[in-house]
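Chemist: According to the working numbering, the sequence shown is numbered sequentially starting from 745.
Everything labelled a hint here was simulated from the structure, so no lab data went into it. Remember, predicted model here, so these are calculated numbers, not experimental data. Glycine is no exception: its CB is placed at the ideal position from the N, C-alpha and C atoms. There could be a bad hint or two in this list.
[To be verified] Within a straight-line C-alpha distance of at most 27 Å, the following computed DSS-like cross-link-like pairs (lysine-lysine) qualify: (1) LYS828 x LYS913; (2) LYS787 x LYS875; (3) LYS787 x LYS835; (4) LYS875 x LYS835; (5) LYS835 x LYS913; (6) LYS828 x LYS887; (7) LYS875 x LYS913; (8) LYS887 x LYS875; (9) LYS969 x LYS875.
[Said to hold, decoys possible] So the derived label-pair ranges between C-beta atoms look like this: (10) ASN961 x THR755: 54 to 64 Å; (11) THR778 x LEU915: 44 to 54 Å; (12) THR764 x VAL892: 16 to 26 Å; (13) THR778 x LEU888: 52 to 62 Å.
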Amino acid sequence: MRFHLQLVAETTDGHGEPRTVASFERSDALSIDTLGLSLDEAKSMLAAVQLVVTDTQAHVEASRQRACPCCGNARQLTDRRTIKVRTLFGKMSVPNPRYRRCECEFPGLAAPLVSILPERVTPELLELEAKWASLMAYGVTVKLLRDVLPIDIATNAQTVRNDVLGVAKRLESELGPEKFFFASGCQGDLDAMPLPDPPITVGIDGGYIRDRTDRPNNFEVIVGKSVPEEGTVRRFGFVSCFQMPSVLQLQTTFGTFA
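Make the full structure from the sequences, and use the hints.
Modeler: Right, here's the structure in full:
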């Protein structure tokens, strides 16, 4: 049997023609290996749907922007270009036609989609990159995204790092100037505020341990201890980019985790 995925883009007047964006085959004999969609098929379909949707949106917006905002006359098309936009489902070449401005405007060329899409990365992709990069290395983040999403093959650790730093700088700028003291009010209000918790001293160290089953290899272990002035001392350990040892092995090596 053969399956076809069709997408219909209906405009405001209700018209739209179906477009086949993906096809795949299955044998008539059902098995667990052929049940439903595979990951590669799902990623391919998402990329194909994303391409049709973005292309349609860009063409409709470009046609709407062709009219002069002053007089409403259609502006002359000078050339057809594209801009690259990175999305969750692939790197898209978005149509970006340029128009010659009317006599009622100041002379020059207009590229409306450049001003409409000043960013070249969608917020959802930035959110996932920042989320996973805060938990693991940039290279591991790229591998994870490639496993589950049809992102551009050229995306690498440096790309993710630049995106995350850009998000961090934007969030930092939204906080405004740094304040030395955040509390406000008279001295009586300040004296009525609760006392802060006692300080906690945290120590972190790391090292490489030789693999017990594969002697030439080793892996990195990060361990630490938090010691409050009052309360229980807590220990923690973390193994990166390696099959995680059991809790029993970690307890035997580093002591009981609290």
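Chemist: Taking the hints in turn, state whether each one holds.
Modeler: Status of each hint after checking the structure:
no.	hint	verdict
1	LYS828 x LYS913	holds, 23 Å
2	LYS787 x LYS875	holds, 21 Å
3	LYS787 x LYS835	holds, 13 Å
4	LYS875 x LYS835	holds, 20 Å
5	LYS835 x LYS913	holds, 24 Å
6	LYS828 x LYS887	holds, 22 Å
7	LYS875 x LYS913	holds, 15 Å
8	LYS887 x LYS875	holds, 14 Å
9	LYS969 x LYS875	holds, 25 Å
10	ASN961 x THR755: 54 to 64 Å	holds, 59 Å
11	THR778 x LEU915: 44 to 54 Å	holds, 46 Å
12	THR764 x VAL892: 16 to 26 Å	holds, 25 Å
13	THR778 x LEU888: 52 to 62 Å	violated, 26 Å
Checked against the numbered hints listed earlier, the structure breaks hint 13 alone; every other hint is satisfied.
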